[in-house]
Amino acid sequence: MLLKIKNMEHIISLLVENKSGVLSRVAGLFSGRGFNIDSLSVSPTLDSTMSLMTIVTEGDERVLEQITKQLNKVIDIIKVVDLTEKEYVERETALIKIHTRPEDRAEALRVADIFRAKVVDSTPHTYTIEITGDPKKINAIINLLRPLGIKELVRTGRIAIGREEFKSAAIQEKKRQTA
Amino acid sequence: MKLTGAEIFIECLKREGVKTVFGLPGGVVLKIFDVLYDEKELEFVLVRHEQGAIHMAEGYARATGQAGVVLVTSGPGATNIVTGLVNAMMDSCPLVVFTGQVSTNLIGNDAFQEADIVGISRPCTKHNYLVKDVNELAQVIKEAFYIATTGRPGPVLVDLPKDVSMSVAELNYPEKVYVRGYNPTYEGNKWQIKQAAEAIAKAKRPIIYAGGGVINANASEELRELVEMTQIPITMTLMGLGAFPGNHSLSLGMLGMHGAYATNMAVHNCDLLIAIGSRFDDRVTGKIAEFVPNARIIHMDVDPTSIKKNIHVDIPIVGDAKAVLRELNQILKATANGNLKDVRYPWLKQIEEWNVKHPLTYTQGEDIIKPQYVIDMIFRLTRGDAIITSDVGQHQMWTAQFYKFTKPRTWINSGGLGTMGYGFPAALGAQKAFPDSLVICVAGDGSFQMNLQELATAAHYKLPVKVAIINNQYHGMVRQWQQLFYNGRYSASRLDGGPDYVKLAEAYGVVGLRAKKPSEVEAVLKEAIRIKRPVLIDFHVDPHENCYPMVPAGGAIHQMVLEDPKPEQKAEQQRVEKEKESILPA
Numbered sequence: 001m002l003l004k005i006k007n008m009e010h011i012i013s014l015l016v017e018n019k020s021g022v023l024s025r026v027a028g029l030f031s032g033r034g035f036n037i038d039s040l041s042v043s044p045t046l047d048s049t050m051s052l053m054t055i056v057t058e059g060d061e062r063v064l065e066q067i068t069k070q071l072n073k074v075i076d077i078i079k080v081v082d083l084t085e086k087e088y089v090e091r092e093t094a095l096i097k098i099h100t101r102p103e104d105r106a107e108a109l110r111v112a113d114i115f116r117a118k119v120v121d122s123t124p125h126t127y128t129i130e131i132t133g134d135p136k137k138i139n140a141i142i143n144l145l146r147p148l149g150i151k152e153l154v155r156t157g158r159i160a161i162g163r164e165e166f167k168s169a170a171i172q173e174k175k176r177q178t179a
Numbered sequence: 001m002k003l004t005g006a007e008i009f010i011e012c013l014k015r016e017g018v019k020t021v022f023g024l025p026g027g028v029v030l031k032i033f034d035v036l037y038d039e040k041e042l043e044f045v046l047v048r049h050e051q052g053a054i055h056m057a058e059g060y061a062r063a064t065g066q067a068g069v070v071l072v073t074s075g076p077g078a079t080n081i082v083t084g085l086v087n088a089m090m091d092s093c094p095l096v097v098f099t100g101q102v103s104t105n106l107i108g109n110d111a112f113q114e115a116d117i118v119g120i121s122r123p124c125t126k127h128n129y130l131v132k133d134v135n136e137l138a139q140v141i142k143e144a145f146y147i148a149t150t151g152r153p154g155p156v157l158v159d160l161p162k163d164v165s166m167s168v169a170e171l172n173y174p175e176k177v178y179v180r181g182y183n184p185t186y187e188g189n190k191w192q193i194k195q196a197a198e199a200i201a202k203a204k205r206p207i208i209y210a211g212g213g214v215i216n217a218n219a220s221e222e223l224r225e226l227v228e229m230t231q232i233p234i235t236m237t238l239m240g241l242g243a244f245p246g247n248h249s250l251s252l253g254m255l256g257m258h259g260a261y262a263t264n265m266a267v268h269n270c271d272l273l274i275a276i277g278s279r280f281d282d283r284v285t286g287k288i289a290e291f292v293p294n295a296r297i298i299h300m301d302v303d304p305t306s307i308k309k310n311i312h313v314d315i316p317i318v319g320d321a322k323a324v325l326r327e328l329n330q331i332l333k334a335t336a337n338g339n340l341k342d343v344r345y346p347w348l349k350q351i352e353e354w355n356v357k358h359p360l361t362y363t364q365g366e367d368i369i370k371p372q373y374v375i376d377m378i379f380r381l382t383r384g385d386a387i388i389t390s391d392v393g394q395h396q397m398w399t400a401q402f403y404k405f406t407k408p409r410t411w412i413n414s415g416g417l418g419t420m421g422y423g424f425p426a427a428l429g430a431q432k433a434f435p436d437s438l439v440i441c442v443a444g445d446g447s448f449q450m451n452l453q454e455l456a457t458a459a460h461y462k463l464p465v466k467v468a469i470i471n472n473q474y475h476g477m478v479r480q481w482q483q484l485f486y487n488g489r490y491s492a493s494r495l496d497g498g499p500d501y502v503k504l505a506e507a508y509g510v511v512g513l514r515a516k517k518p519s520e521v522e523a524v525l526k527e528a529i530r531i532k533r534p535v536l537i538d539f540h541v542d543p544h545e546n547c548y549p550m551v552p553a554g555g556a557i558h559q560m561v562l563e564d565p566k567p568e569q570k571a572e573q574q575r576v577e578k579e580k581e582s583i584l585p586a
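For the protein sequence lines, the chains are R and C, in the order given. Every letter in the first sequence is one number past the one before it in this note's numbering, and letter 85, counting from 1, is 85. Every letter in the second sequence is one number past the one before it in this note's numbering, and letter 48, counting from 1, is 48.
Hints are supplied without guarantee of correctness; some may be wrong.
[What the hints assert, rightly or not] Taking lysine to aspartate or glutamate pairs in the EDC-like style, the calculated list, with each CA pair at most 20 Å apart, reads:
hint, chain 1, residue 1, chain 2, residue 2
1, C, LYS309, R, GLU58
2, C, LYS309, R, GLU65
3, C, LYS204, C, GLU353
[To be verified] Non-contacting residues of chain C with respect to chain R, defined by C-beta distances greater than 12 Å in every case (computed):
hint, residue
4, GLY17
5, PRO123
6, LYS126
7, HIS127
8, LYS132
9, GLY151
10, SER167
11, GLY181
12, LYS190
13, GLN195
14, GLU225
15, SER249
16, ASP303
17, THR305
18, PHE379
19, LYS503
Quick caveat, the hints were computed from the structure, so don't treat them as lab data. Beta carbons: idealized from backbone N, C-alpha and C, even for Gly.
So here's chain C without its partners, still in its complex pose:
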């Protein structure tokens, strides 16, 4: 039986196991939407702006590990999703994005709503396709899902011209897929893994530096086994948080620009750095020439280009984190000798001393809400049993610092690209995937306003997401940099004219709550969690609170600014700075 391209499209999605599609209709994809009208198994989520759709799909993908699916129209529909594509590319998020295109005979003619999205998206997708013939459609969709979800995951875009979805063909859905130019490596090189095991056995001050690759590979259990067996302290990247329980005694939390003092000191002074599914991003390493000066580096990554891109690696291992860690754990188990707790004691004690010296903390007074307190309270109320998303900026860093993620896929935020406006739609996508889970978006007032139109989507689909706006009436991180590095000249960072968020929520039929005093925070959060509807909470926080520790851009990560500079403390600061510079004897 012959089917139209639109029918083939829907049928292929179902066979790929797709349950939810995020998007917005338009002229050239109307045939597909016409088929969707009768569709019972596939749910379409209508967004209010295409950028919202792709971030929702990202939230969905991050929460589930399956590909997020987007369907938008040609031209502006397609160009509106470009930010999300780059975001997904940077954060290795599996997406399959379908864009409508003008009919094949019109392509290149500057037709109405035509955009060369295949050309535009080439550098920001893992791969992309223009389907020119309906007979290729099923094969392309199969390949798209295969490429998006395997190896290092990423976004794949499929451009569907109008005539392709209109014309008919037999459904030739391939059961197997083979792409001759694509062959990701999963099993690590055994000899290299043995080298890694030997290096681990010899190391005195080892540290594990785990990234989002561990979560993508579903390798948290293997990671935990490694950490507990070897008693090696572990730090995680922003994307890696949740890969290992943040409340475990061996967890040092996040490292890098806003990493804790003890964490960054531990990394700086380690003699073996075991990087797993992380990519030595500049926000992690700071000044690369001074990063881990006395350490050998083991780097495991499924993407060979990540290895030796930014830093020299002594033991590179290309492979999937799960497969490599399994193999490594086996070798380590077989060769284990002695009580590692005793061996590790001096190193862990040293780290603890650093932690006591400058713990990650804040002081909550009586009058004004400290933003960290809100995050802290969210953690206390949820005990890690929630999916947390965030936007980008100070609130994101505070969440990474103060919320102790205990499980993988419970922390969804924009790491590599730093996309403001990501958190709220991502939360909606995660909520769609897990309707019964508590999903909380920690947003900044600046970030939230970038995609607040999706309040309508939340109301429309009754997605009970809680949005906690850390409202400091600034682009807070910009303001912080201006205060510290531009003599307090707050150029274009103050957000005057922000809306009344409670009224805004109510206008969308969403519950709006507000907290202005520290004493109100807990009650308001409890109330929000109790309400089984979308809730927008406006936390009026201290507008001048800064996020510390902070490694100034381009600085080495052990040289942190720990608090707002005060003139009388300058001498003391310099003394501390000097002390920090000294490196532990080998």
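Next comes chain R alone, as it looks inside the complex:
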């Protein structure tokens, strides 16, 4: 019997020591064990001794269990949360530099406007557009801008945060009462 193993995308949030070498411990763990990193972003937290890493990876349940366990084992990693296990909000920012012919400039601005993107730099032949949103939104604007001529594209990689739980708990409580 062939079982189709479903590879799911997971967003893992890592609270780590803000020390040199930690990123390479995490990256080395992924490469050494054959796991994949789709995107990664790192920045310090409010407590400057710690950093937060957001890693997007994929794998079946078994692979993800190994990834989280292995990450937990790294001494400089303080906490591992698989955000995909619950409700979360994710965002990504992209800076898109487009090469515009005079007749395309209005179209570029229209597209930016539709997506609530901002023009953050402009020259007679280029616009640089800043867009924030979930990855689908960013992919959509890229697809629309591509025919105009994308010169450069930078994406931050995803960041994500868990939705506060007491709200959903309160909603459930309300549902129970109405039921």
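Fit chain C to the known structure of chain R by using the hints.
Relative to the frame of chain R, chain C by itself:
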């Protein structure tokens, strides 16, 4: 009072209870060696190659259960210990390894003898540190020992730049240590342990599969209690041998690629596999899809990543083997009913039948020494009252098969990494820890030549280790695979040009002995044991002897090759093979 980094280093080691440091000096660690010059409590063992130092530290650690300590210089000194780090990582061996580093202002400049050992060793240590400030030194050393020796033990490396050992600071040795990202689980989940107890009570054909984790957790007594109370037969991994007495009637010895026929059959046909401190290594499981097809699996391990890494587990228990077994034994004791000897009888009888059918054995003739005979004789002469180390290959497997280890920490060898050249320095480390114990290294002629320079260390420190070279003039295991799977094309496995080991020993001021005939083996071994000096014994053994049973790589463990294939036996072999494939009815 302010101390130099070098003085702080030595002081911290002493406060950690370190007695012996293995290593070799070099430019950037000279300040530390200068302090060592006056040191009375710490003994430094000067090796002849850094790889020897780290294997000695491993031998020391395995024999004592305490962290082995290494001090080497930067660059090549540091890179020479990498094999040992990986070895210690794979075999969960507690080590704290100090490497010198060029001064902090030179790091990254390709300075003389600079190597990024923190980068190099990152994937092969449990954790590592670069000390950038002398004020952090004491804290780092404290953390290093704590991390190396707790949870699943492993090697920790501390890189010490030259200016850190030269500059001065107050000694701030922390009495307590807390690492916020490190919190090993010791107590097993009570509910899970109860589930395990229930599964054990229900099982008809249970088997315990114990690994090195039992020895690391000092849980042999608890294991013995479990085995004797439940009458469950027990098999051990290569690393687990000694966790339970090998001469006990319920011991089935080692399982896996070179496990005994009855042992592998018992594992294959069990209905409950109780894994304790073992990790379902491929040399144990063979073809994983066909491993224990009819069994539920209980897996206890202190390292959560070991559980469900290779195989699905029904009852996972994360915890220290000692704590978990205590709890389990208590539950089992409270709920025990009936005479388990009667309950277990059919299962044990079945295993005994398998054993009678294909016992672990060899035939010693008159003319040529069988390697197994040497191992057998070592066991007969020591009765298990010795520390045995080995290198890697056929001789290692024969030792695991024929030497019945009766106590934990008496069997020291390289399991996970399979490091040739490990056994001899490991024996020296174990001997250093236990100067009055009989320490015997069973070596292959191929393996021994990888670290034979340590004969000088043995002579220098008068470490009375006995090295029994099982000399078959081949990389024997390679030759065996070539014979069985590559049509006897012995590519690069024959060791022509080996030295005269007796003369070699004498050149180092070590006693050299030789046995060429079976009749000489016992006398030579007795003589070696009698001499209170290092002895190198050259046993000329049958070069074509193979290690059986053998599970071909990738095969299921119940499908063993039991002897050299002979054409006329092929039909019979096939019939046996078929029979082996059949699984006992549930």
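Hint by hint, here is what the structure shows:
1. The straight-line distance between the Cα atoms of LYS309 (chain C) and GLU58 (chain R) is roughly 17 Å, inside the 20 Å bound, and the hint therefore holds.
2. Taking the CA atoms of LYS309 (chain C) and GLU65 (chain R), the gap is near 9 Å; set against the 20 Å cutoff, the hint holds.
3. At most 20 Å may separate the alpha-carbon atoms for a hinted pair to count; LYS204 (chain C) and GLU353 (chain C) meet this at roughly 17 Å.
4. The beta carbon of GLY17 (chain C) is kept farther than 12 Å from every beta carbon of chain R, the shortest such distance being approximately 22 Å.
5. Distance to chain R contradicts PRO123 (chain C) as a non-interface residue, since its nearest Cβ pair spans about 5 Å, not more than 12 Å.
6. Interface exclusion of LYS126 (chain C) from chain R breaks down, the closest Cβ pair being 7 Å apart, not more than 12 Å.
7. Not every CB of chain R is more than 12 Å from the CB of HIS127 (chain C) (nearest about 4 Å), against its label as outside the interface.
8. Chain R draws LYS132 (chain C) into its interface by the beta-carbon criterion, the shortest separation being 9 Å against a cut-off of 12 Å.
9. Under the 12 Å C-beta cut-off, the non-interface status given to GLY151 (chain C) relative to chain R is violated; the minimum distance is some 9 Å.
10. The claim that SER167 (chain C) lies off the interface holds: its Cβ sits roughly 20 Å from the closest Cβ of chain R, which is beyond the 12 Å cut-off.
11. In this structure GLY181 (chain C) is not separated from chain R by more than 12 Å, as the shortest Cβ-Cβ distance comes to only about 4 Å.
12. With 12 Å as the threshold on Cβ separation, the claim that LYS190 (chain C) sits away from chain R holds: the shortest Cβ distance comes to roughly 21 Å.
13. At the 12 Å boundary, the C-beta of GLN195 (chain C) stays outside the reach of chain R, the nearest C-beta of that chain being 19 Å off.
14. The Cβ of GLU225 (chain C) sits about 30 Å from the closest Cβ of chain R, beyond the 12 Å cut-off, so the non-interface label holds.
15. SER249 (chain C), annotated as away from the interface, keeps every beta carbon of chain R farther than 12 Å; the closest lies near 38 Å.
16. Interface exclusion of ASP303 (chain C) from chain R breaks down, the closest Cβ pair being 7 Å apart, not more than 12 Å.
17. With a closest Cβ-Cβ approach of about 4 Å to chain R, THR305 (chain C) is found to fall inside the 12 Å limit, against its non-interface label.
18. No Cβ of chain R comes within 12 Å of the Cβ of PHE379 (chain C); the nearest lies about 38 Å off, and the non-interface call holds.
19. Residue-level check passed: LYS503 (chain C) sits 45 Å from the nearest beta carbon of chain R, beyond 12 Å.
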